[in-house]
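> Quick note, the sequences are listed as chains A and B, same order.
So in numbering that gives the first Met the number 0, the last one in the first sequence is 247, and the numbering has no gaps at all.
So in numbering that gives the first Met the number 0, the last one in the second sequence is 408, and the numbering has no gaps at all.
I should point out that these hints are in silico values taken from the structure, not numbers from a laboratory.
The reader is advised that the hints may include incorrect statements.
[Said to hold, decoys possible] Covered stretches of chain B (in silico footprint by chain A; criterion: 3 or more residues with CB under 8 Å from a CB of chain A, positions within the stretch not fixed):
(1) 226-237
(2) 304-318
(3) 324-333
Note that the Cβ used here is the ideal one computed from N, Cα and C, for glycine as well.
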Amino acid sequence: MSAIFKYEVETGPEPEMPEMPRERALITLEQISKVYDSGENAVQALRGIDTGIEAGQFVAITGPSGSGKSTLMHILGCLDSPSAGRYWLDGEDVATLTSRELARIRNRKIGFVFQTFNLLPRATILKNVELPLLYAGIGKDERQERAMKALERVGLNTRSKHRPNELSGGQRQRVAIARALVNNPSLILADEPTGNLDTKTGSDIIRIFEELAGSGQTIILVTHDPSIAARTERRIRIVDGLIDTESD
Amino acid sequence: MIIFESIIDGFRDIRDHFGRTMLQLLGIILGAASIVATFSLSVAGKAASMEFYRVSGGIQKMWVWDKPTGKVTLNAKALASKGLTYSDALAIRRDAREIDLVAPMASQGALVRYGHTEKSREISGVTPEYAPLTDFHAGSGRFLTDSDVASAARVVVLGSERAAEFFGTDNPIGKTLTIGGTGYSVVGVMEEKYFSFDQKRNVLRWMNRQIYIPVTTLITRRGETLEHGKIDRMQTRMKSVKRSDEAVDEVARILMREHGVKDYEVMSRVANLRRNEQNNKMYDMTFMVCGIISLLVGGIVVMNIQLASFNERVREVGTRKAVGASPAQIFFQFLSESILVSLFGGFMGLFVGRLFTQAITSLIHQPAIVTMGTLVNAMIFAAGTGLVFGMYPAIRASRLDPIVALRTE
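Put together the whole structure using the sequences plus the hints.
Structure (structure tokens):
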């Protein structure tokens with residue numbers, strides 16, 4: 000694009016940008032497909048996912064194992080790139096980014112909560128929550144302040160000096176949620192967050208997600224548990240690499 | 000920021016896996032230690048040689064001595080040549096521009112007697128220039144003078160051991176010593192000369208066993224004329240070390256003119272030094288190679304253990320990547336751990352190396368000098384080892400796929 004052309008575009012009426020997503024959604028997926036190429040028999044994990052997720056939605060992705068929901072979650076979380084299709088996150092086309100750029104997106108826009116918590120065992124709770132801010136290059140004082148605030152939101156600010164193995168499973172998952180919250184992400188992705196917890200504790204964790212969703216946080220929760228999926232405002236069911244049903 | 004955090008992490012890792020880290024350090028410690036020991040011994044060795052050169056007349060010193068050719072030659076002048084003579088020394092003193100001191104020397108065995116002590120001893124005929132050329136001076140009385148030489152005076156100067164041998168505790172100065180049946184007046188006793196490389200053996204002790212008379216006296220007593228007086232060797236001193244080749248050439252040219260045949264040899268200490276430096280370099284290289292090999296082994300251990308540690312921490316790497324650590328940040332974290340461990344090992348190696356040098360010094364009496372440069376060198380090599388061998392584990396960690404990493408149990 001020449002400089003002159005760019006100038007005209009900027010001064011003229013706002014043009015219809017063909018690259019922009021159709022709706023003003025936080026997430027727009029267009030014909031997302033993923034092929035795992037293992038020699039002769041290529042596996043098509045995703046076969047054209049089309050959907051959009053609005054900012055502030057609390058969404059559950061469900062589906063039987065092998066349906067492709069994990070693959071979808073990896074792509075949504077910018078841990079993996081689709082083989083084909085478009086993924087718009089917060090106005091940015093992230094389908095074609097390099098691993099370094101994906102790391103930046105994960106750091107600034109996404110917070111992860113895993114089934115197995117994935118806290119650093121040798122670091123304190125505070126250090127664990129600070130971790131995303133550390134990689135964002137934020138100074139020590141601000142890191143600690145923001146990490147303490149995030150811990151307050153999950154009710155664990157009194158345990159900041161402890162190590163993960165001194166906490167219960169539910170507490171550890173709350174630390175993980177604090178870590179996911181600390182960088183004010185556009186999106187929190189939770190992959191079977193209650194899978195390693197008993198029903199009661201799991202329910203408490205989902206309540207935290209509900210509260211976060213209530214305050215406008217976009218959350219995508221991957222689960223196979225219908226009772227947990229039922230507590231979200233929207234459910235996307237994946238079967239054989241395609242969206243089977245959507246329900247609001 | 001990240002650098003600082005990585006270093007803190009590295010220290011935590013060292014502390015948490017102390018035993019493993021020690022193992023990892025061992026190779027680095029030994030490598031750094033052997034570099035310290037090598038350099039220290041080498042530096043001390045060089046310092047000792049330089050000191051030896053200084054106390055034995057400086058590096059400007061040159062020697063000229065007889066070297067019969069053994070060839071049959073029809074050249075009359077060559078046939079007539081009888082090797083080095085006193086007049087050669089005078090010719091060099093007169094004509095050589097690169098030379099400021101010439102000390103001809105002749106020696107001969109003779110019966111030496113004082114009182115009831117009579118022994119067969121070697122007598123050296125020298126000139127006053129001998130003293131500055133060997134940095135050897137009278138301890139009491141005086142050394143030979145130009146007028147002693149000019150008049151072929153019957154005076155003698157004794158090395159300290161010889162003075163004690165013939166005079167015991169008496170003061171020899173002013174007494175008469177009989178050499179080959181002729182009386183010589185003792186005018187001086189030399190200072191005691193001492194130099195040792197190992198703090199045990201005085202390598203210059205032979206100088207304390209000398210008996211000096213004027214070279215002219217020795218020649219004329221032998222019944223020769225001064226012109227054809229045979230001398231054994233000459234020591235000379237060049238004016239400038241930088242022009243050592245020119246000095247050697249000039250002396251050789253004058254002797255060639257006088258003799259007509261090359262029946263002499265001229266050697267300079269500078270040339271010696273150059274050869275020694277070559278040898279020293281070889282020694283240094285050998286020891287350096289040993290040190291580097293142990294560092295290599297240490298490096299391989301570092302690499303293995305870093306890889307093992309990386310395998311243990313795959314999930315951790317995955318987690319760090321999921322929350323946004325870039326490949327470069329992970330790379331740097333692992334690399335800085337390796338460098339840190341290696342620097343730590345290098346640091347400990349400095350102390351172990353110090354112990355090595357002390358052990359060597361007390362066992363084989365080799366002096367050792369530990370310089371700052373040596374320590375810095377050892378540290379640089381240790382850090383370099385960490386850098387090189389930490390590279391592979393760091394690259395592997397940085398390239399790890401976070402999905403695979405998070406799935407790993």
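> A separate judgement is required for each hint: does it hold in the structure or not?
Now for the hints, and whether the structure bears them out:
For the segment 226-237 of chain B, the proposed coverage by chain A is not satisfied: 0 residues have a C-beta within less than 8 Å of a C-beta in that chain, short of the threshold of three. Requiring three or more residues with a Cβ within less than 8 Å of a Cβ of chain A, the coverage given for the segment 304-318 of chain B holds, as 4 such residues are present. A count of 5 residues in the segment 324-333 of chain B with a Cβ less than 8 Å from any Cβ of chain A is obtained; the coverage claim is therefore met, three being the minimum.
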